[in-house]
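Student: Spelled out, the chains give:
Number of protein chains: 2
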Amino acid sequence: MSLPHPDPDQISLPNVLAALGDETRLAIIGCLARTEAAEGLVCGQFAPLTSKTNLTYHVGKLREAGVINVRIEGTKRRVSLRREDLDNRFPGVLDSIIATAINLPSVETVLLDLEAHNAAT
Amino acid sequence: MSLPHPDPDQISLPNVLAALGDETRLAIIGCLARTEAAEGLVCGQFAPLTSKTNLTYHVGKLREAGVINVRIEGTKRRVSLRREDLDNRFPGVLDSIIATAINLPSVETVLLDLEAHNAAT
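Residue numbers (the numbering used here), protein chains in the order written: chain C, 191 to 311; chain G, 191 to 311.
No wet-lab data here; the hints were simulated from the structure. Treat the numbers as computed from the prediction; the structure is a model and nothing was measured. Worth double-checking, as some hints may not be accurate.
Each pair may be met inside one copy or between any two copies, as identical chains are not told apart.
[What the hints assert, rightly or not] Simulated pairs of lysine to any residue, SDA-like, Cα-Cα distance not exceeding 20 angstroms:
| no. | residue 1 | residue 2 |
| --- | --- | --- |
| 1 | K242 | D285 |
| 2 | K251 | N205 |
| 3 | K251 | A208 |
| 4 | K251 | I201 |
| 5 | K242 | T265 |
| 6 | K251 | D197 |
| 7 | K242 | D197 |
| 8 | K251 | D212 |
| 9 | K251 | E213 |
| 10 | K251 | S296 |
| 11 | K266 | G250 |
| 12 | K251 | P204 |
Chain C with its partners taken away, still in its complex shape (with noise of 0.2 angstroms):
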């Protein structure tokens, strides 16, 4: 079973932007560009963002707007960047926006949560 996701000449840009013209959407799309070198992150490790049923709805609106690709691995959903589907279409929006979004308080927070768990086990 695998989600919809866009074809990559289907992106629209005001489709993009309004999926990332949210403070808890672009905190998940910088946690992704500082993970990037991992191969995405599950669902999951967005829980200090914000709420699970928030989280899926966050989810879902990157993924219909095709700025994220979500795989489904038994319980979980692996989310990675559509970074060169994205680039390719609107060359430097990505990137540009990245750079802030890295920067985000509360992506800090996920990560240091990430080091912590990956510490523990």
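Following the hints, position chain G against chain C.
Tutor: Coordinates of chain G only, in the frame set by chain C:
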């Protein structure tokens, strides 16, 4: 009398992106970017984009987010991009968005309308 605008340091990226996450508002930005030599446009010049009521709404959204300046000139409202304020705060964001916005078909329509009007007067 003047309309309220956010100070440069009050401009927030989520608000800017949410304001730009709309086809009509992107077109307004595209028109302003294409006609930058002049000192902005008056609201009525965006008439081909949508109804007068909608324009007032969209121009208000852009002003409140800090994307444009709106100056009252008698019965008209003159609109210009807050390019410097945005570039200082979020380098590259506006430029990369404009690169797509200036090519919207609706921007072309507005500019052809302006040219026709200028030729007739």
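Student: Next step is simple, just say for each hint if it's right about the structure.
Tutor: Consistency of the hints with the structure:
1. K242 with D285: Neither. Shortest intra-copy (27 angstroms) and inter-copy (35 angstroms) distances fail the 20 angstroms Cα cut-off.
2. K251 with N205: Answer is both: 9 angstroms inside a copy and 17 angstroms across each meet the 20 angstroms cutoff.
3. K251 with A208: both (9 angstroms within a copy, 13 angstroms between copies)
4. K251 with I201: within (13 angstroms within a copy, 23 angstroms between copies)
5. K242 with T265: Within one copy only: 14 angstroms inside a chain, 50 angstroms across chains, cut-off 20 angstroms.
6. K251 with D197: Classified as within; 15 angstroms inside a copy, 30 angstroms across copies.
7. K242 with D197: This pair counts as neither: shortest intra-copy Cα distance 27 angstroms, inter-copy 35 angstroms.
8. K251 with D212: Both: 10 angstroms inside a copy, 15 angstroms across copies.
9. K251 with E213: The answer is both: 13 angstroms in one copy and 17 angstroms across copies each meet 20 angstroms.
10. K251 with S296: So K251 and S296 pass the 20 angstroms test inside one copy only (19 angstroms; across, 26 angstroms).
11. K266 with G250: within (14 angstroms within a copy, 42 angstroms between copies)
12. K251 with P204: Answer is both; intra-copy 13 angstroms and inter-copy 14 angstroms each pass.
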